[in-house]
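A.B. asks: One letter stands for each residue in the lines below.
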Amino acid sequence: MANELNFGSVPAEWPFPVQYGKENRIEVDVLVVGAGVAGSMAGLMAARRGARVAVVDKAPIDVSGSGGAGLDHYLGCISNPDCAYTPEEYMELPPQGPMGGGGDHRSYIQMKGSWNNLLELEKLGLKFRDEEDEFKNASFRDDKTKIMYAYDYKTRDTVRLRGGARLKQHMRDGLVNEPNATIYERVMITSLLTDGGKPGARIAGATGLSEETGEFYVFSAKSVIICTSGVSMQGTSTWTFNSEMFGNGYRADPRNTGEGVAMAWKAGAEFNSEQQFGQAQSTGPFGWPWYGIGNPDNTWHACTIVDNKGKKLPWKDWNGKILETYEERCMPCEGQDYMGNLRPQPYIDPELIANGTYELPLWADLTDLSDEERRGIWGLMVGNEGRTRIAIYDYYNKAGFNPDTDMLQCPVMTPESFAWPRKDWFQGEPNKAAFWKADTLRGVSTDWNQMSTVEGLFASGSETSQGGAGAGSSGAYSGHRAAEYAARTQRAGLDEEQIAAEKKRVYGPVERFGEAEATISWKELWMGMNRVMQQDCGDFRTRATCEHGLLWLDSIKRHEMQLTYARNPHELSRVLECESRVAVAEVYLHLCVANFKVAEENAGKDKQMFIKFVDGELVITFKEDEWWLKAPYAPTYLENYERCTAQEKEVK
Amino acid sequence: MEKAYLVPNPVAPGEPVSIDPEKCVGCNSCAKRCRVQTIMPNPERGKPPIVIYPDECWFCGCCVEACKHGAIKMRYPINQRVFFKRKETGEVFRIGGPDSPEQSYFKPPVG
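Chains as they are written, first to last, in the working numbering: chain V, 1 to 652; chain X, 1 to 111.
Looking at chain V on its own, in the form it has when it is part of the complex:
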């Protein structure tokens, strides 16, 4: 062991001055909570509109966000000049993702602004085009614009980002150079402040905690934009305590613990739900390194797959037609307007695995691809995903893996897992373990201004189910709207009682440390709330089990959650993160109860359901399908968009 201070073998003093309770009061027009892709763009745009902006993240901004330091492709970039459809046309297409038909105003906002957002990133220093002509002969590149596309080479709705792994660095530089913006890194926002301290009332600001010094922050703001990534990425950690193997199981990052969901829920904001059951997205604790195991989809689309004896798997399109050429794997099939998420995939009859015709493990064979395609997957995509540039590209290369000569192992799974169409391993990262299902919670509900039902509270990015690359345009849009709102609004007064109560909650764990009863670590709290979800909100659940789950969580909240301890600012921030997880679990359970209740009463058929929590009561409301195109809104996407962005154009 190189350093005896490593792993706490010999305790070292906390390396920052510890100042629990010290208060910093900051007054701004717009507060951005979370500075991943959405939050960074929101902060930049709001500042450019003249608002005084604070951009707060619990991590360093150049590496923060669900994807870490950057990303390798911009999904659903429909407004790019080479795309086969306009965003307006795309909204009318059949719902097969990534952002097409079946989407809502938020999908449209994301698509509409996506190209402008890329141009903005280009100005900030992201050279995403193939200016050096490295991919001159590739069929995924446009010779004129030098833009490179992924997946569907005909529709060209997804742009590959050369140098995308440094995306967050460019964004941080942009924020630092913006005179109206101030960044606060390693500060975790813990709660929202509302007018008079009343849930559901107009936004007044937020509180925060430094995870370096333990200092307290009070932000007064006219508008707040939540960009903390939504529940979409938290499925696994809500159900599964990952023991100590944090890095492996997470599809998204371990700091994505649901502060945004927790604080918006407590502030009385309405949440958007679809009345259907979906799966909690994530690979679970049995996962493999992100994009670091052989598979034919997502980043690795459309890699040739061979069995253990070298026999190639045929590819099948969505019509079931066997594909002869590589090019066909990258084209929509007959009758398909666009590929979307219904991508062709290798076909293997589970029976043929069971009887030994095909032998596992399968292997991803990049060597079978053209130089451009191979380099496109390994160098351009794997090399530019923030999470994989070092962790896979650099690490595997150094470990001797050579994409020109070597094949990468696919996971061994049950034969059924490989069945056509689209079983487990084709959906991106392979996964060996079953995971719990969750009702689909689409995050904070927002209107055409991306404002929630709490006045002055905006949301962007995964928080409003606009994850991944679309977070950029979603964030930029919210930045504009929040700045406009701040410019026409009086500041709400801070409620000192609300601040004092939050301060008491935040520092409880450090004040309790040393008391005989304070025996609950942050990890124990986490695994405790997981058990509630595993038992009461698992694959089989009823209204009664979900209501029991709420009772159980409430019991934990009133007892064990009051016995947690923290020995330094790190542990303190972890306890608070686990309290956020508990809140996320509550939201899930309330959603399930609401769905059972609505089904029992046969209510809300063909309508969208919304839930919120006011004065200790769950409130369920419904809106007409496509409410975003009905009064008071205009009947088309374009009209609404132009109405909302009119002031933006005046400035330009």
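Please keep in mind that the hints were generated in silico from the structure rather than gathered at the bench. Backbone N, C-alpha and C fix where the C-beta goes; we use that ideal spot for every residue, glycine too. Be aware that one or more of the hints could be misleading.
[Said to hold, decoys possible] Straight-line C-alpha distance at most 35 angstroms; calculated DSBU-like pairs for lysine-lysine:
id, chain 1, residue 1, chain 2, residue 2
1, X, Lys-107, V, Lys-607
2, X, Lys-68, X, Lys-32
3, X, Lys-23, V, Lys-136
4, V, Lys-398, X, Lys-47
5, X, Lys-3, V, Lys-146
6, V, Lys-398, V, Lys-127
7, X, Lys-23, X, Lys-107
8, V, Lys-154, X, Lys-107
9, V, Lys-123, X, Lys-32
10, V, Lys-309, X, Lys-87
11, V, Lys-398, X, Lys-3
12, V, Lys-398, X, Lys-107
13, V, Lys-321, X, Lys-87
14, V, Lys-311, X, Lys-87
15, V, Lys-523, V, Lys-503
16, X, Lys-32, V, Lys-523
17, V, Lys-312, X, Lys-87
18, V, Lys-312, X, Lys-3
19, X, Lys-107, V, Lys-136
20, V, Lys-127, X, Lys-23
21, V, Lys-311, X, Lys-23
22, V, Lys-316, X, Lys-73
23, V, Lys-398, X, Lys-73
24, V, Lys-309, X, Lys-3
25, X, Lys-73, V, Lys-503
26, X, Lys-3, X, Lys-68
27, X, Lys-87, V, Lys-123
28, V, Lys-127, X, Lys-107
29, V, Lys-146, V, Lys-123
30, X, Lys-3, V, Lys-127
31, V, Lys-22, X, Lys-32
32, X, Lys-47, V, Lys-123
33, V, Lys-123, X, Lys-68
34, X, Lys-107, V, Lys-144
35, V, Lys-311, X, Lys-47
36, X, Lys-68, V, Lys-316
[To be verified] Some residues of chain X that are not near chain V, with every Cβ distance over 10 angstroms (derived):
id, residue
37, Val-7
38, Glu-15
39, Val-25
40, Gly-46
Based on the hints, put chain X in the right spot on chain V.
C.D. replies: Then chain X, alone, in the frame of chain V:
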């Protein structure tokens, strides 16, 4: 008789990142970029940072990239080390395994 001590159990993974004290200049660039606080600055200025929360590493590799002195190595835990196969010879190797071939692919990422 050798001495032994009462110490807490080790966590897993043990060493997701290792800092070479010979190469480290104590600039804390890695600690500044670690978003999970797996690496923290040494309270003694100029000394190598401390790997204090290995159990929280999410293997983003940002510390490796931040280090201008090549002092940091990332190491996947055993359960994350997958196999690869050299197509022509049929030889199988494991990432980080005992018989790994020499690095033969040196192209930097695109952009």
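A.B. asks: The structure should be examined with respect to each hint, and the outcome stated for every one.
C.D. replies: Taking the hints in turn, this is what the structure says about them:
{"no.": "1", "hint": "X/Lys-107 with V/Lys-607", "in the structure": "53 angstroms, violated"}
{"no.": "2", "hint": "X/Lys-68 with X/Lys-32", "in the structure": "13 angstroms, holds"}
{"no.": "3", "hint": "X/Lys-23 with V/Lys-136", "in the structure": "41 angstroms, violated"}
{"no.": "4", "hint": "V/Lys-398 with X/Lys-47", "in the structure": "28 angstroms, holds"}
{"no.": "5", "hint": "X/Lys-3 with V/Lys-146", "in the structure": "67 angstroms, violated"}
{"no.": "6", "hint": "V/Lys-398 with V/Lys-127", "in the structure": "26 angstroms, holds"}
{"no.": "7", "hint": "X/Lys-23 with X/Lys-107", "in the structure": "25 angstroms, holds"}
{"no.": "8", "hint": "V/Lys-154 with X/Lys-107", "in the structure": "29 angstroms, holds"}
{"no.": "9", "hint": "V/Lys-123 with X/Lys-32", "in the structure": "26 angstroms, holds"}
{"no.": "10", "hint": "V/Lys-309 with X/Lys-87", "in the structure": "11 angstroms, holds"}
{"no.": "11", "hint": "V/Lys-398 with X/Lys-3", "in the structure": "39 angstroms, violated"}
{"no.": "12", "hint": "V/Lys-398 with X/Lys-107", "in the structure": "11 angstroms, holds"}
{"no.": "13", "hint": "V/Lys-321 with X/Lys-87", "in the structure": "28 angstroms, holds"}
{"no.": "14", "hint": "V/Lys-311 with X/Lys-87", "in the structure": "12 angstroms, holds"}
{"no.": "15", "hint": "V/Lys-523 with V/Lys-503", "in the structure": "22 angstroms, holds"}
{"no.": "16", "hint": "X/Lys-32 with V/Lys-523", "in the structure": "25 angstroms, holds"}
{"no.": "17", "hint": "V/Lys-312 with X/Lys-87", "in the structure": "13 angstroms, holds"}
{"no.": "18", "hint": "V/Lys-312 with X/Lys-3", "in the structure": "59 angstroms, violated"}
{"no.": "19", "hint": "X/Lys-107 with V/Lys-136", "in the structure": "18 angstroms, holds"}
{"no.": "20", "hint": "V/Lys-127 with X/Lys-23", "in the structure": "33 angstroms, holds"}
{"no.": "21", "hint": "V/Lys-311 with X/Lys-23", "in the structure": "47 angstroms, violated"}
{"no.": "22", "hint": "V/Lys-316 with X/Lys-73", "in the structure": "41 angstroms, violated"}
{"no.": "23", "hint": "V/Lys-398 with X/Lys-73", "in the structure": "11 angstroms, holds"}
{"no.": "24", "hint": "V/Lys-309 with X/Lys-3", "in the structure": "54 angstroms, violated"}
{"no.": "25", "hint": "X/Lys-73 with V/Lys-503", "in the structure": "40 angstroms, violated"}
{"no.": "26", "hint": "X/Lys-3 with X/Lys-68", "in the structure": "39 angstroms, violated"}
{"no.": "27", "hint": "X/Lys-87 with V/Lys-123", "in the structure": "43 angstroms, violated"}
{"no.": "28", "hint": "V/Lys-127 with X/Lys-107", "in the structure": "19 angstroms, holds"}
{"no.": "29", "hint": "V/Lys-146 with V/Lys-123", "in the structure": "16 angstroms, holds"}
{"no.": "30", "hint": "X/Lys-3 with V/Lys-127", "in the structure": "59 angstroms, violated"}
{"no.": "31", "hint": "V/Lys-22 with X/Lys-32", "in the structure": "23 angstroms, holds"}
{"no.": "32", "hint": "X/Lys-47 with V/Lys-123", "in the structure": "39 angstroms, violated"}
{"no.": "33", "hint": "V/Lys-123 with X/Lys-68", "in the structure": "27 angstroms, holds"}
{"no.": "34", "hint": "X/Lys-107 with V/Lys-144", "in the structure": "26 angstroms, holds"}
{"no.": "35", "hint": "V/Lys-311 with X/Lys-47", "in the structure": "54 angstroms, violated"}
{"no.": "36", "hint": "X/Lys-68 with V/Lys-316", "in the structure": "47 angstroms, violated"}
{"no.": "37", "hint": "Val-7", "in the structure": "7 angstroms, violated"}
{"no.": "38", "hint": "Glu-15", "in the structure": "8 angstroms, violated"}
{"no.": "39", "hint": "Val-25", "in the structure": "14 angstroms, holds"}
{"no.": "40", "hint": "Gly-46", "in the structure": "13 angstroms, holds"}
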